[in-house]
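Asks: Letter by letter, the chains look like this.
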Amino acid sequence: MAPVLELRGLRTVFATAAGELPALDGIDLAVSRGEIVALVGESGSGKSVTGFSVTGLLPSVARVVAGSVRLNGTEIAGLRGEAMRRLRGRHVAMIFQDPMMTLNPVLRIGTQMRDALFAHERMGGRAAADRLERALAEVGIAEPRARLRQYPHELSGGMRQRVAIAIALLHGPDLVIADEPTTALDVTIQGQILALVQRLAREKGTALIWITHDLAVVAGIADRIAVMYAGRIVEEGPVDAVLDSPAHPYTRGLIDSVPATHPKGQRLPQIPGRMPTLAELPDGCAFAPRCPRRSGACADRPDPAPAGGGRMVRCFHPLAEGRA
Amino acid sequence: MIEFIIRRVAQAMLVLFVMTLLVFFGVHVIGNPVYIFASSECTRECLDEIMANLGLDLPIWQQYLMFLGNLAEGDLGKSFTFGVPAMSLIWERFPATLELATASLAIAVAVGLPLGLYAGMRPDSLVSRAIMGFSMLGFSVPIFWIGLIFILTFSVRLGWLPSVGRGQTVQVFGVPVSVLTRDGLAHLVMPAFTLSLIMMSMVIRLTRAGMREVLHADYIRFARASGVRERRVIGLHAMKNILIPVVTVLGMEFASVIAFAVVTESIFSWPGVGKMLIDAIAVLDRPLIVAYLIFVVVMFVTINLCVDILYSLLDPRVRVGGGGP
Ligand SMILES: Nc1ncnc2c1ncn2[C@@H]1O[C@H](COP(=O)(O)OP(=O)(O)OP(=O)(O)O)[C@@H](O)[C@H]1O
Ligand code: SF4
Ligand SMILES: [Mg+2]
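Keeping their order, the protein sequence lines are chains A and B.
Using this note's numbering, you'd call the opening residue of the first sequence number 1 and step up by one each time.
Using this note's numbering, you'd call the opening residue of the second sequence number 1001 and step up by one each time.
Hints were generated in silico from the structure; no laboratory data involved.
These numbers come from a predicted model, not from an experiment.
Check before you lean on any hint, since a few could be wrong.
[To be verified] Below, a sample of chain B positions facing chain A; criterion: calculated Cβ distance under 8 Å:
#1 D1218
#2 Y1219
#3 R1221
#4 F1222
#5 R1224
#6 A1225
#7 V1228
#8 R1231
#9 R1232
#10 G1235
#11 H1237
#12 P1316
[Claimed, not checked] Beta-carbon label-pair distances, calculated as ranges:
#13 B/E1073 / A/S156: 54 to 62 Å
#14 A/Q150 / B/D1279: 53 to 61 Å
#15 A/G78 / B/P1123: 17 to 25 Å
#16 A/Q150 / B/G1026: 53 to 61 Å
#17 B/A1282 / A/Q150: 56 to 64 Å
#18 A/T188 / B/R1008: 39 to 47 Å
#19 A/Q150 / B/R1231: 36 to 44 Å
#20 B/L1022 / A/E154: 43 to 51 Å
#21 B/R1008 / A/A146: 53 to 61 Å
#22 B/D1124 / A/Q150: 23 to 31 Å
#23 A/A146 / B/I1278: 56 to 64 Å
#24 A/E154 / B/A1186: 46 to 54 Å
#25 A/T277 / B/V1015: 52 to 60 Å
All residues carry an ideal CB built from backbone N, CA and C; glycine is no exception.
Taking the hints into account, I'd like the entire structure generated from these sequences.
Replies: Set out below in structure tokens:
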């Protein structure tokens, strides 16, 4: 069976004063039915741009210039207008980071949900209300009928994110792209939302892309992980293999800088330097300026190559544990 | 809410008090209206008699106290020129001004909103730049100049539109209205458009700025990501957020448009309160000037209150204190 989503050589550029800069430079990624893939990487690595490239919601200065985006086997790259709208909400949905900002402050929850419902289905007012109440109950919201008449500011952050999830799942989409949906929430609420989304995705067989920089979250929720750096996926594979024995020096650095993985009392190692901006990307391996393992070979661009444990890595000198 | 209204009214009272004080003594300093009314043959005795009739023979502070006393009883005094209660003169003229101001508000919104929306959605297009240039002009070109150019073009040169007065009116609930007759409408178009230009420019700018900001908001992206149709995203989800500042500013502006329709009314000889004020100032008709200014202050307070209520209807976040519709 074809994967729900398949990205091949996806390239997205931003038009800037300095010319067209590649925010995504050859992304390959596949997500199957019922699978949860975590997309991780430092700020600015292109995680959100990947999500928006799929759903056709890039800012006006950005566009997909090459590669393919297949949803259920159908090419959708470059689809626009009504054709793209028909897919959104029904086949692919998104959840965003800040639940304060995701819901419209001046519209009732019911109005916003009804608009999302009527985007793809026609039904009477009574049937619609029932449907929305069930959707809210499903994400664990008490007294759904009363909620429909409330405004977002009358709900807590966690509750708002539940509403956003209910809207995203309204039409039972094949793919959900969740862009840091728990980052803005309290730790306890984070856990609840995480468990909720995981359960719903598993129950319905929804493919899920979970964007985050929190590796602790990844370990708990994902089946596979894709690590992004400067617009490329540098390592990708089953979550246990990658987290236990990373092959790419960047993945290693990310894991080492998580407090929980490190012995107490020692200084937390950080990856030196910072990610290059789009305008200052080096020709070869983009990680080379920060990489402890770099060599002369790294002035060329590494291609993705298979490494141990069913994974892929983009590096001339992958770490030994990662070798087959 | 009640406390808020009371505070507003108290503020208005203070403003009223200071304003009457200023106007009263200000007009007194400028000159004695008797010399304007009295014919040149009038002797000293005749002048004294007129002054006594109008109460102008008393010391100014005494006049002021009397005025306050009458005001407390709701009496704003009689116009020096017309000899009838000042308030009744204002009520007689006010419908014309209100009609002019309402028509110009309608034009400002009907033209400004779509232009602003377009300019906000395509900020870099040539048309948008033209729209923004137009709104710049609307702000910076003086009204009387525009009014005169209109008259020169459409009345004098082309002969399409009349340039003086209200034209034929019909009574609606006992109030004369121009907009319902062809002739009245023809008279209304130019002054209303002239008066609307500043408001229109404001609407264009506010709408454009609002649109640009709102289009980047997460909730718009989320609505789109949920498949909501573009027409609905713009027409409701974005629009309701954009309208909040537009309504607020327009509401405030509407009061000043009524109060300061003076210039437009003078140019087009529109028989409203603005023109009346100019005439009253010319003859130092103090009761009429004071009554008009009191009327304006009360109107400002009332309109601002209405705006606040409207604002709380549009923005659920400001409906505090459990109340709210
Ligand atoms: N509107 C824009 N104009 C120009 N460049 C942009 C714009 N939006 C994003 N970029 C660039 O695209 C790159 C990828 O950004 P993206 O938002 O995908 O990062 P991210 O991985 O989601 O980061 P974060 O963790 O901060 O959300 C960044 O280098 C950023 O500078
Ligand atoms: S290719 Fe070279 S520079 Fe890049 S990550 Fe691998 S070792 Fe480091
Ligand atoms: Mg992001």
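Asks: Indicate, hint by hint, whether the structure satisfies it.
Replies: Going through the hints against the structure:
Annotation: interface hint on B/D1218 holds; nearest CB of chain A at approximately 4 Å, less than 8 Å. Interface restraint check: B/Y1219 against chain A, minimum CB-CB distance 4 Å, threshold 8 Å, status holds. With 8 Å as the threshold, the beta carbon of B/R1221 comes within range of chain A, its nearest partner Cβ sitting at about 6 Å, so the hint holds. The closest approach between the C-beta of B/F1222 and any C-beta of chain A is roughly 5 Å, which is under the 8 Å cut-off, so the hint is satisfied.
Interface hint status for B/R1224: upheld, as the beta-carbon distance to the closest one in chain A is roughly 6 Å, under 8 Å. The restraint placing B/A1225 at the interface with chain A holds, with a minimum CB-CB distance near 4 Å, inside the 8 Å limit. Interface hint at B/V1228: satisfied, since its Cβ lies 5 Å from the closest Cβ of chain A, which is below the 8 Å cut-off. Taking 8 Å as the C-beta cut-off, the interface hint given for B/R1231 is violated, the closest approach to chain A being about 11 Å.
Look at B/R1232: its Cβ gets to within about 6 Å of chain A, closer than 8 Å, so that hint holds up. Of the supplied interface hints, the one on B/G1235 is violated, with its beta-carbon coming no nearer than about 11 Å to a beta-carbon of chain A, more than 8 Å. The closest approach between the C-beta of B/H1237 and any C-beta of chain A is roughly 5 Å, which is under the 8 Å cut-off, so the hint is satisfied. A least Cβ separation of about 4 Å between B/P1316 and chain A falls short of the 8 Å threshold, and the interface hint therefore holds.
Hint check: B/E1073 to A/S156, Cβ distance near 56 Å, so the stated range 54 to 62 Å holds. Against the hinted window of 53 to 61 Å, the Cβ-Cβ separation of A/Q150 and B/D1279 comes to about 56 Å, which satisfies the hint. Against the hinted window of 17 to 25 Å, the Cβ-Cβ separation of A/G78 and B/P1123 comes to about 24 Å, which satisfies the hint. A hinted range of 53 to 61 Å holds for the C-beta pair A/Q150 and B/G1026, which are about 54 Å apart.
Taking the beta carbon of each, B/A1282 and A/Q150 are about 59 Å apart, inside 56 to 64 Å as hinted. In this structure, A/T188 and B/R1008 meet the distance hint of 39 to 47 Å, their C-beta atoms being roughly 44 Å apart. For the pair A/Q150 and B/R1231, the beta carbons lie near 26 Å from each other, so the given range of 36 to 44 Å is not met. Checked against the hint of 43 to 51 Å, the C-beta distance between B/L1022 and A/E154 comes to roughly 47 Å, which is consistent with it.
At about 34 Å, the beta-carbon gap between B/R1008 and A/A146 misses the expected band of 53 to 61 Å. Distance hint check for B/D1124 and A/Q150: the Cβ-Cβ separation is about 39 Å, which falls outside the suggested range of 23 to 31 Å. A hinted range of 56 to 64 Å for the beta carbons of A/A146 and B/I1278 is consistent with their spacing of about 58 Å. For A/E154 and B/A1186, the hinted distance range of 46 to 54 Å is satisfied, since their beta carbons lie about 52 Å from each other.
In this structure the supplied range 52 to 60 Å holds for A/T277 paired with B/V1015, their Cβ-Cβ distance being about 55 Å.
The structure does not agree with the numbered hints 8, 10, 19, 21 and 22 stated previously, though it agrees with the rest.
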